[in-house]
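Take a look at the letters that make up each chain.
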Amino acid sequence: MQANNQAIFDKVCAILKTHAEADTEITPDTQIAADLAIDSVEMFDLVMEIEEVYDISFPIEEASAIDTVQSLIEAIERITDV
Amino acid sequence: MSDSDDMKTSIFGKFQKLAERVDTLRVSGRLPFGLQMDEMLSQTRARIGNREVLLAGTNNYLGLTFDTDVMEAAKAAIDAQGTATTGSRLANGSYAAHLDLEERLKEYFEVPSAIVCTTGYQANLAAISALAGRGDHLLLDADSHACIYDAARLSDADTIRFRHNSPADLDKRLSRLPKEGGRLVVIEGLYSMFGDVAPVAEFVEVAHAHGAMLFVDEAHSVGCYGERGRGVAQAQGVADKVDFISGTFSKSFASIGGFCVSRHVELELIRMVSRPYLFTASGSPSNVAAAQAALVKIAGEPQLGQALWDRVHQLYDGLTEAGFEPISPAAPIIAIPRPDEQVAVAEWNRLMDAGVYVNLAVPPATPQSKSLLRLSVSAAHSEADIDEVLAGFRSLLEDGAPAPSMAASGS
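Chains as they are written, first to last, in the numbering used here: chain A, 124 to 205; chain B, 4 to 414.
Do not take every clue at face value.
What the hints assert, rightly or not - No farther apart than 30 angstroms at their CA atoms in a straight line, the calculated lysine-lysine pairs in the BS3-like style are these:
hint	chain 1	residue 1	chain 2	residue 2
1	B	244	B	175
2	B	182	B	244
3	B	20	A	140
4	B	373	B	20
5	B	175	A	140
6	B	109	B	78
7	B	300	B	78
8	B	300	B	244
9	B	175	B	373
10	B	109	B	373
11	B	17	A	134
12	B	175	A	134
13	B	11	B	109
14	B	17	B	373
15	B	373	A	140
Quick caveat, the hints were computed from the structure, so don't treat them as lab data.
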């Protein structure tokens, strides 16, 4: 994982841990909904929180395509790069 | 596996979980989402099976569905123009009645532009999907109705959501947008599930400060709020600043159909490009006539709104005195959150046994995954009707615990 990716990963993990079960291990392949038991409402809050942290807005289709931690990181990268 | 089993699995397999959930509801009592109203007895009463039920969940806010003048107008329209238009306004032409209704809406809202659509759903779909095009930015309140989300899917605009009823969050998101492209913000006047009202005046300010236009869906609020029932924007003194107002004829207007009006005459241009306006049959003569007759009543009979609000306060006060905690302040929609879906379903069944129909609202149709008993009040409800609803709700508390399932009570 590249340095920039790593920084985003660390930040995302910290946020995810506040939504997930306390000791769940998080990797880039972790499925956010299935593995962390985050339902669609929590997912919405999570996305809103990440938007706050990075001062971005995910387009709806981008937000609904997020499934794994890696896809979330990539979505953040795409939007912050613009 | 036979060829046809493969076909069935590939198409219907995705509904399996849903089917299981529906089966669970079915064994717990009646099927709340497949209810059959066997006979409509009045604006507020129906026969379901062999039971007469008081209707407290049908969005018939002004009770005009059995109004003599509205019914006569619909019947006369059938006699004069037939039962249907059999085509779109583009292909078959607009009837004089469609154009006349648009003129009446312009007068009522004091705007230069009005477009009538075949349903309320299509009015939002037609207006929003056409107004927000490729390269534009569409900003939706997170609790928006499904038709607004569907409009976003049909539109080529970039769509983002902002926190429900939060002008501050909208402000932040508008600040982040690139300079290019048009900006359209969509909110609702009165939200259909929680019965909460938008701070429209604040949204106008924020939207316009960022060069965005504001679109307010007043489907549930026209007829109920504002002077002459003109809606929440009018009640908050900003109707002349809101860029677009949409609404439906299927609630206070006692018909079916929808509209979008605007202070911008350019709204007329979307008639040429809006697919949900172009490619569907226009409203049938009886529906258009009923809507127009209802508009006359809404604009000219303030006692209807007064009766509605008298009953709203009677019901709201009665429910809160009994210990229920509605989500929002008193409104024609009163939503009472229940601890979970099972409790809500059981209580809904008990209310039906007591002869009271309300809406059962469960995820994913509700914001925040809440399970609700949702009531809507009508001007046609009598004081005694509301007492009957309250008695039904008080009976839910008699055991002091959520009701057991009603396995034997299907009707």
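We went through each hint and held it up to the structure:
| no. | hint | result |
| --- | --- | --- |
| 1 | B/244 - B/175 | holds, 21 angstroms |
| 2 | B/182 - B/244 | holds, 22 angstroms |
| 3 | B/20 - A/140 | holds, 29 angstroms |
| 4 | B/373 - B/20 | holds, 20 angstroms |
| 5 | B/175 - A/140 | holds, 26 angstroms |
| 6 | B/109 - B/78 | holds, 25 angstroms |
| 7 | B/300 - B/78 | holds, 17 angstroms |
| 8 | B/300 - B/244 | holds, 26 angstroms |
| 9 | B/175 - B/373 | holds, 27 angstroms |
| 10 | B/109 - B/373 | violated, 38 angstroms |
| 11 | B/17 - A/134 | violated, 35 angstroms |
| 12 | B/175 - A/134 | holds, 21 angstroms |
| 13 | B/11 - B/109 | violated, 50 angstroms |
| 14 | B/17 - B/373 | holds, 24 angstroms |
| 15 | B/373 - A/140 | holds, 24 angstroms |
The structure does not agree with the numbered hints 10, 11 and 13 stated previously, though it agrees with the rest.
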